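Protein chains in written order, with my numbering: chain D, 292 to 356; chain C, -18 to 238.
Zero decoy hints are in this set.
Computed cross-link-like contacts, DSSO-like style, restricted to lysine-lysine with a CA-CA straight-line distance of at most 30 Å:
#: 1; chain 1: C; residue 1: Lys57; chain 2: D; residue 2: Lys333
#: 2; chain 1: C; residue 1: Lys57; chain 2: D; residue 2: Lys299
#: 3; chain 1: D; residue 1: Lys299; chain 2: D; residue 2: Lys333
If the Cβ cut is set under 7 Å, some of the chain C residues that face chain D in the computed set are:
#: 4; residue: Gly(-4)
#: 5; residue: Val20
#: 6; residue: Leu22
#: 7; residue: Glu25
#: 8; residue: Gly32
Worth flagging that the hints you see were computed from the coordinates, not collected in a lab. Keep in mind the model is a prediction, meaning the values are calculated, not measured. Positions of the beta carbon are idealized from the N, C-alpha and C atoms, including for glycine.
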Amino acid sequence: MQIFLNGKAREVEAATLDAALNALGFRDAVVATALNGRFVAKGARPATTLAEGDTIEVVAPLQGG
Amino acid sequence: MSFYGVDLSSRLLLGTARYPSPAILAEAVKASGAEVVTVSLRRESGAQRAGQAFWSFIRELGVRVLPNTAGCHSVKEAVTTAHMARELFDTPWIKLEVIGESDTLQPDVFGLVEAARILAEDGFEVFPYTTEDLVVADRLVQAGCRVLMPWGAPIGSARGLNNLYGLKALRAHFPDIPLVVDAGIGVPSHAAAAMELGYDAVLLNTAVAEAGDPAGMARAFALAIEAGRLAFLAQPLEPRDMAAPSTPVIGKAVLGG
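Construct the complete structure from the given sequences, taking the supplied hints into account.
Below is the structure:
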């Protein structure tokens, strides 16, 4: 199915957020996630199922003022 | 000085953005003596994983982090970003920015108060980036903020303290709330001036990061902030309109003329 990862269309076969992150190159990465604009805690990712057209935001630490 | 029960000896909080290199950032943090640095969150690429390297780097600095919600223009965005930051950085601290105007990066104080209330109720320890407005400050305290961070001038403008009178009034109205001047500081004398007003700390970034020698400037700021603090504790004079001779007049020799 098609999802939008950080604004870009991607095809994933994974059914859950956790599995999608692993498939998209974020295995073991320190990241935080939001699905359709809502925060999804790390512990809730395996039970969070994805649907066609979902938007996923994946963020990591960066420089800031 | 303490923020939410955390005692700190340095009164300089330093941003981590815009340095020429990570090595220079590390030198500047060291030279500043800062115990708290601000960090942010940005989209991570699964291929590049740039954030992973930055996170290891920051952890090696051995300082406390204050994540921000920079760039957020709505309450929802800021609240979601705060949740992501809390999980990622494992801290309840959040520098809350809700930007209301893109030329001045002026805070949207209405959204700020709302977001602060939501986050404080959820256990966050909020450091709101606000203006010097007393009524807004009062609302933020009512919302649960135990630190206030009024701007000196617009972010990155290097204009110093735009409203000295307003900042003074804020200090007088909130004697027991830690107050941090955040944003607009250009040179060490601006930071010293904030400290002479009795402010508890100064948060700055660009003034150090974009100086010709960031580590040298970090050290200059550290000294200015310490000097300003010592001056405040020593109770500075108030300006007056008329001259007052510092040398005693009585006993002066009468030499004619």
